[in-house]
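J.: Residue strings, one per chain:
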Amino acid sequence: MSSARGDVRRAARDTQEPLIGGVAAGLAHHLALPVLWVRAAFVVTAALGGVGIAFYAGLWMVLPADPQFDSATPGLESATRGGRRPGRSRRLGDAGPAIALAALAFGAVLFVQAVLGRGAVFWPVVIALVGVALLWRQADEAQRERWLDTTGRIDPVRAVFGRGGWASYARVAAGIILILAAFALFTLRSGSLSMARDATAAGLLTVLGFGIVVGPWVYRLATDLTAERAERVRTQERADVAAHLHDSVLQTLALIQKNFHDGPLVARLARSQERDLRAWLYAGESTDERTVASALRLVAAELEDAHGVSVEVVTVGDCDLVEPLRAVVAAAREAVTNVAKHAGTGQVDVYAEVSTTAVDVFVRDRGVGFDPEATPADRYGIRDSIVGRMARHGGSAEVRSTAGEGTEVRLHLPRQEDKDDG
Amino acid sequence: MAERPAAVSVVIVDDHALFRTGVRSELGDAVEVRAEAADVDEAVAAVAAHRPDVVLLDVHLPGGGGAEVMRRCHHLGHSPETRYLALSVSDAAEDVIGTIRGGSRGYVTKTISGPDLVSAIRRVADGDAVFSPRLAGFVLDAFAGSIEVAAVDEDLDRLTEREREVMRLIARGYAYKEVARELFISIKTVETHMSSVLRKLQLSSRHELTRWASDRRLL
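Each protein sequence line maps, in turn, to chains R and S. Just so it is clear: in the first sequence, position 285 is 285 by this note's numbering, and no numbers are missing. Take any residue in the second sequence, note its place counting from 1, add 1000, and you have its number in this note's numbering.
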């Protein structure tokens, strides 16, 4: 895929289906490597003195969670919130390689311990790491739920546990217990039992005291944030919907009321409004003229409005609409116009395929058709605007038509290798 | 087309009552509408009770969407002979491909004309696939460029040259019999190709499809 816009590709953690923190999956996607390789690399480097673990933890802290939620169109997001679309399901097969890797990692840990005999420091560290990972994982889950949350409310309990559920509580509890256990184990190995108990109690008290001091402050911050965020979200949504409805739907309804006696016009208005709303709600397809596909969609929209025909555009692949390619869009416009004027059918299919070497556009109708050999002089459009134009720009056009069965115009234009936009 | 002995039995599943009524009247007596359902639970119950030949299934449905209906019916073993045709106003690639992978034998948009819908229902009832031009476009996009890359994997990951040609013609708006004439093959062969593309779309868990989906942030 060539990125038509000039935005920078940024790595992000994959929080949709993470095994631990989604770092490996996010990294694999960013580097276009198989996930298993990345996971294996982490495990191997983790076994080599813990570099992998440090690296993983660092990336977990630094990489943002993937912002995939913003990408859906309003209609799809609304359907998702309303539970009218299927949720994501996780396949057991996905976990298989990870379980194997985890087993390998465990083996590596035992091996290192056996060889180096560093059990005294080593085990507490491993246990503490698992505990921290569990807590971080819960933070991710809570963040995800905050994003999906439509009420816009944040409170400290929800900030930690998200929407709750036994998994959240279990993660937090297990995380804390593991960290405390590691702490206790460490002091136990290096000193006596009573010392370990004292140290653990001291640690707990420190955490508790810290919580009492900082707690109210955090709580107030969260409340402010909640109010501000909820208000912003609500205002934006209301403004978006109002603007869109006012601009397009209301205008169309007004026009329809005024022209209720004019059947074809009403149908045309309804069709145009439907296309517009559908694109806005679901498809998220642009009709600016930046790429070939969007230019063709714009042509279709304009001609639908102008001639009251329905133009179905299907595109495969896409590229920037550089100057030489405008010829094929203009020729396609001419071909669709011809259908609208002469074919006597209300339906036109436009299919465009953009490959690395060429752009192919097919304009097809099931109208009256004609004999291309006996083109009358007034069919000036085909000879000059289509065939001639394509030839001038180094492409070709072919018109196939059978009387009574419709017409298909095939446009072919090689892409020059000017500058690669990949 | 008229020589089918028994009318195809259909259950219409859509959360808009107005739309169900509209479809019912457009279908007329061409098919036998046995029941209507407005959400996933009703749909599953209706499929179990009426065992229709074809379920017209809205993609967006309260309770988890059309894919959830297929998943549950399949899971509970309700009416395994029933086939599903997805009907949607959403043109989002994610939904279209998702529904096909959920087990539907075709996808048409809600603006489809009455006669076209009837013939699509018959086609699905006969076990064939129904591809709208737009779906064919998505399929080509999804499998695009897989020829070199997928050499490591089995056949599921790519379309044969013939299947690609068929898909291309469908995307160009050709009807099945026009595809057959264009490629000098029989309609039956066209149908075989379509079914095989459908199967690949449903079974290929795979690389190309995954990459395509993640490029579009669908995963």
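Hints listed in this document are in silico derivations from the structure and should not be mistaken for laboratory results. Here the structure is a predicted model, which means the values were calculated and not measured. It is possible that part of the hints are untrue.
To be verified - No more than 25 angstroms apart at the CA atoms, straight line, and that leaves these computed lysine to any residue pairs for SDA-like:
#1 LYS1110(S) with LEU245(R)
#2 LYS1177(S) with ALA270(R)
#3 LYS341(R) with SER1113(S)
#4 LYS1110(S) with GLU231(R)
#5 LYS1110(S) with LEU1183(S)
Stated by the list, open to error - Now the in silico label distances, taken between C-beta atoms and shown as ranges:
#6 ALA1007(S) with GLU398(R): 40 to 48 angstroms
#7 ALA1017(S) with ASP262(R): 52 to 60 angstroms
#8 GLY58(R) with GLU1165(S): 24 to 32 angstroms
#9 PRO34(R) with GLY1077(S): 32 to 40 angstroms
#10 ASP1041(S) with TRP280(R): 25 to 33 angstroms
Claimed, not checked - Over the 12 angstroms line for every Cβ pair with chain R, so calculated as not near, a few chain S residues:
#11 ALA1007
#12 LYS1110
#13 GLU1178
All residues carry an ideal CB built from backbone N, CA and C; glycine is no exception.
J.: Now, for every hint given, state plainly whether the structure supports it.
T.: Here is how each hint holds up against the structure:
1. LYS1110(S) with LEU245(R): 22 angstroms, holds
2. LYS1177(S) with ALA270(R): 32 angstroms, violated
3. LYS341(R) with SER1113(S): 22 angstroms, holds
4. LYS1110(S) with GLU231(R): Violated - the C-alpha atoms of GLU231(R) and LYS1110(S) are around 37 angstroms apart, more than 25 angstroms.
5. LYS1110(S) with LEU1183(S): Given that 25 angstroms is the threshold and the Cα spacing comes to 30 angstroms, the pair is violated.
6. ALA1007(S) with GLU398(R): 40 to 48 angstroms: 43 angstroms, holds
7. ALA1017(S) with ASP262(R): 52 to 60 angstroms: Cβ of ALA1017(S) to Cβ of ASP262(R): about 29 angstroms, so the range 52 to 60 angstroms is violated.
8. GLY58(R) with GLU1165(S): 24 to 32 angstroms: 51 angstroms, violated
9. PRO34(R) with GLY1077(S): 32 to 40 angstroms: Holds - the Cβ-Cβ distance for PRO34(R) and GLY1077(S), about 36 angstroms, lies within 32 to 40 angstroms.
10. ASP1041(S) with TRP280(R): 25 to 33 angstroms: 31 angstroms, holds
11. ALA1007: 27 angstroms, holds
12. LYS1110: It is violated; LYS1110(S) is separated from chain R by about 10 angstroms at its closest Cβ, not greater than 12 angstroms.
13. GLU1178: Not fine: 9 angstroms to the nearest Cβ puts GLU1178(S) too close to chain R.
Against the hints set out earlier in the document, violations occur for numbers 2, 4, 5, 7, 8, 12, 13.
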